[in-house]
Amino acid sequence: AQSVTQLDSHVSVSEGTPVLLRCNYSSSYSPSLFWYVQHPNKGLQLLLKYTSAATLVKGINGFEAEFKKSETSFHLTKPSAHMSDAAEYFCVVSPSGGSNYKLTFGKGTLLTVNP
Amino acid sequence: SAVISQKPSRDICQRGTSLTIQCQVDSQVTMMFWYRQQPGQSLTLIATANQGSEATYESGFVIDKFPISRPNLTFSTLTVSNMSPEDSSIYLCSVRVLQGSLGNTGELFFGEGSRLTVL
Numbered sequence: 001a002q003s004v005t006q007l008d009s010h011v012s013v014s015e016g017t018p019v020l021l022r023c024n025y026s027s028s029y030s031p032s033l034f035w036y037v038q039h040p041n042k043g044l045q046l047l048l049k050y051t052s053a054a055t056l057v058k059g060i061n062g063f064e065a066e067f068k069k070s071e072t073s074f075h076l077t078k079p080s081a082h083m084s085d086a087a088e089y090f091c092v093v094s095p096s097g098g099s100n101y102k103l104t105f106g107k108g109t110l111l112t113v114n115p
Numbered sequence: 001s002a003v004i005s006q007k008p009s010r011d012i013c014q015r016g017t018s019l020t021i022q023c024q025v026d027s028q029v030t031m032m033f034w035y036r037q038q039p040g041q042s043l044t045l046i047a048t049a050n051q052g053s054e055a056t057y058e059s060g061f062v063i064d065k066f067p068i069s070r071p072n073l074t075f076s077t078l079t080v081s082n083m084s085p086e087d088s089s090i091y092l093c094s095v096r097v098l099q100g101s102l103g104n105t106g107e108l109f110f111g112e113g114s115r116l117t118v119l
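Those protein sequences? They're chains A and B, same order as listed. Each step along the first sequence adds one to the number in our numbering, with nothing skipped, and position 104 is 104. Each step along the second sequence adds one to the number in our numbering, with nothing skipped, and position 51 is 51.
FYI, nobody ran anything at the bench for these hints, they're computed from the structure. Hints may contain errors.
Said to hold, decoys possible - Lysine-lysine pairs mimicking DSS-like chemistry, simulated, CA-CA at most 25 Å apart: (1) A/Lys-68 - A/Lys-102; (2) A/Lys-102 - B/Lys-65; (3) A/Lys-42 - B/Lys-7; (4) A/Lys-68 - A/Lys-107; (5) A/Lys-107 - A/Lys-42; (6) A/Lys-58 - A/Lys-102.
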């Protein structure tokens, strides 16, 4: 079984300040983890993914995430928020082994960026 | 990567009618999925669209309500049948790119979704 918990449903930051979106997971397998972003009226776009290589993963648009097995966390960060970062963010977990290919989505975190 | 086109992008429908959503991928992919995103919610997997055979539905979703076709490796349709206002959602087609020897570590690529409003 697997699950993912996004600890904040809404995060509000000022432009130019750091962003932290928190995600905790549980998985019976060694997991693959993803962060997706959804801008208003758009589909989902992959920001970054962890698939058992380096624990610090760099993605697009200056985002990065660190896989911490001991804490079962995969928090998303960005040093300096931009207005265009305002969107919904989804943390996603999938087992990286075995025949189970199903992804489990978190409930999402809405990021608001204030000028 | 994969580029996914969905049609229609949005529609407003009357209760009791049916709507078919089309999904076209620019490359042959093995795994295609249909998700539903209800207003303000996360994504819920409806079914896996299997090429040449019946789709595999998740708990709570049935073929009579959400018939799915997948005639080839680049195209699928989802029909929302006998619609009610509770079916108002975004419906997203997605494909999974398999990578490496583990096979299932690849990410999902999504279409832009079909926004359905049922009156």
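- Against the earlier hints, flag every one the structure doesn't satisfy and list their numbers going up. Of the numbered hints given earlier, the structure breaks none, since each of them holds.
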